[in-house]
Amino acid sequence: MSYIAILITFIFINNFILVQFLGLCPFIGVSKNSENAIGMGASVTFVTTVASVVTWAIYHFLLVPFNLAYLQTLTFILVIATLVQLLEMVIQKVSPPLYKALGIYLPLITTNCAVLGIAIINITSNYNVMESFTAGLAAGLGFTLAIVLMSNVRERLDLHPVRKAYRGMPIAFISAGLMALAFMAFDKSLLTNLHLV
Amino acid sequence: MNIKELTKGIFKENPVFIIMLGLCPVLGVSTQVSNAIGMSAGVLFVLLFSNIIISALRNFIPDSIHIPAYIVIIASLVTITELMMHAFAPAVYAALGVYLPLIVVNCIILGRAEAFASNNTVLDSALDAIGMAIGFALSLTLIALIREVLGAGTITLFPVGSFSGVIEVPWLVDNPFKVMALAPGALLLMGFLKAFLDWKAMRKAG
Numbered sequence: 000m001s002y003i004a005i006l007i008t009f010i011f012i013n014n015f016i017l018v019q020f021l022g023l024c025p026f027i028g029v030s031k032n033s034e035n036a037i038g039m040g041a042s043v044t045f046v047t048t049v050a051s052v053v054t055w056a057i058y059h060f061l062l063v064p065f066n067l068a069y070l071q072t073l074t075f076i077l078v079i080a081t082l083v084q085l086l087e088m089v090i091q092k093v094s095p096p097l098y099k100a101l102g103i104y105l106p107l108i109t110t111n112c113a114v115l116g117i118a119i120i121n122i123t124s125n126y127n128v129m130e131s132f133t134a135g136l137a138a139g140l141g142f143t144l145a146i147v148l149m150s151n152v153r154e155r156l157d158l159h160p161v162r163k164a165y166r167g168m169p170i171a172f173i174s175a176g177l178m179a180l181a182f183m184a185f186d187k188s189l190l191t192n193l194h195l196v
Numbered sequence: 000m001n002i003k004e005l006t007k008g009i010f011k012e013n014p015v016f017i018i019m020l021g022l023c024p025v026l027g028v029s030t031q032v033s034n035a036i037g038m039s040a041g042v043l044f045v046l047l048f049s050n051i052i053i054s055a056l057r058n059f060i061p062d063s064i065h066i067p068a069y070i071v072i073i074a075s076l077v078t079i080t081e082l083m084m085h086a087f088a089p090a091v092y093a094a095l096g097v098y099l100p101l102i103v104v105n106c107i108i109l110g111r112a113e114a115f116a117s118n119n120t121v122l123d124s125a126l127d128a129i130g131m132a133i134g135f136a137l138s139l140t141l142i143a144l145i146r147e148v149l150g151a152g153t154i155t156l157f158p159v160g161s162f163s164g165v166i167e168v169p170w171l172v173d174n175p176f177k178v179m180a181l182a183p184g185a186l187l188l189m190g191f192l193k194a195f196l197d198w199k200a201m202r203k204a205g
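Taken in order, these protein sequences are the chains called A and B. Numbers 0 to 196, taken from numbering that gives the first Met the number 0, label the letters of the first sequence in order. Numbers 0 to 205, taken from numbering that gives the first Met the number 0, label the letters of the second sequence in order.
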């Protein structure tokens, strides 16, 4: 698959949140205002991209030569946890307001399904290192797109009357469902029509 | 021993509908009832043993590295589950795909380790795990049942003897609401179910 095809696949066709449901906790938790959503999206994109390359290298240069491929899950989660810790320290130094805003969700990137998800998907799809990098970047961008759109929807929802039982979580899920419905317009035929496959 | 630790996970602190943790697999694998049951079994195994091991080791794990230690314990249990399922239930293993290794990052498991097992006895932690896993299993199966019946008009269980494992619902099997089986259906259903439960809770509170 060409790199553009991978980008389109992970941003639109297999959007991590709206199609594969990977990374729902921050999607619902941090999407109340767009500033935090952008910050969260940027940190997730950074982590998925770096994690894709690092886990790919560990899998192919460490696990496969020693016949330890079954330790994939265990190794990947430890590598990701270390990476996130590093990112947390960098953000804390560089931008204290952003660090304060993301609060509890930054350490939670470790347990964000999107990061471990893309690492495993890269291995099962047999991507090479550049393809893994592209897939990691695209998955992060798709996550950012969905969470930023969602935060805008929720900012507007605050100004509108919503029935009491639907306030908060329920209306957030229903809005996400309607967004997912719109994303269904993107499917595999998009790649064929663009002559990418 | 406190039987309340067992029952609270089923209704009062239901992990899916009340605490709203671990939703990725709930929405991801709920297209078929059989997948939901497979996933629930995996979560039960991992949650039960992680709670037992972590509460047994709670006085030995240094506080500064407790999260990495928990993650290693949970990841080892998930690897065991993966290998077992691959060997004994290959169809379920294939259907669960990426969501099976993702049990590692399921917030329910780390959440219970952190909130409960790290400062309670082994027996209480085991009861807590069983209760939470039952709550998770019931919610997941309910969502899968609604989605499969409406979205495909079938209920897929496991084949036993001459029974193929698939129950067809008349009329719906020919005219399914396909959107329920797809991604938007999961999100919409979750929203409506949560709204219904909130409405019930509000009426009870008056």
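Derived from the structure by calculation, the hints contain no laboratory data. Ideal placement from N, C-alpha and C gives every residue a C-beta, glycine not left out. Some hints could be false.
As the list claims (entries may be wrong) - Reference excerpt, derived from the structure (chain A facing chain B, CB under 10 Å, subset only):
1) L17
2) V53
3) V114
4) G167
5) F172
6) A175
7) M178
Unchecked claim - In silico DSS-like pairs for lysine-lysine, Cα to Cα no more than 30 Å straight-line:
8) B:K11 to A:K163
9) B:K7 to A:K163
10) A:K187 to B:K177
- Have a go at the V114 of chain A hint: is there a Cβ in chain B nearer than 10 Å to its own Cβ? holds (8 Å)
- Task: Identify whether the interface hint at A175 of chain A stands, where standing means a beta carbon of chain B within less than 10 Å of its own.
- Result: holds (5 Å)
- Item | Straight-line alpha-carbon gap K11 of chain B to K163 of chain A, limit 30 Å | holds (21 Å)
- Can we keep the L17 of chain A interface hint, with Cβ of chain B closer than 10 Å? holds (6 Å)
- Item | Satisfaction of hint between K163 of chain A and K7 of chain B, Cα-Cα up to 30 Å | holds (26 Å)
- Query: Holds or violated: K187 of chain A with K177 of chain B, Cα cutoff 30 Å?
  - Reply: Measuring from Cα to Cα gives roughly 18 Å; hence the hint holds.
- Query: Taking the closest Cβ pair, is M178 of chain A under 10 Å from chain B?
  - Reply: holds (8 Å)
- chain B contact restraint for G167 of chain A - C-beta distance below 10 Å: At about 8 Å, which falls below the 10 Å cut-off, the nearest Cβ of chain B leaves the hint on G167 of chain A intact, so it holds.
- Query: Holds or violated: is the Cβ of F172 of chain A closer than 10 Å to a Cβ in chain B?
  - Reply: holds (3 Å)
- Query: Are V53 of chain A and chain B close enough, Cβ to Cβ, to be under 10 Å, as the hint says?
  - Reply: The hint is violated - V53 of chain A has no Cβ within 10 Å of chain B, the shortest such distance being about 17 Å.
The structure fails hint 2 only (numbered hints given earlier).
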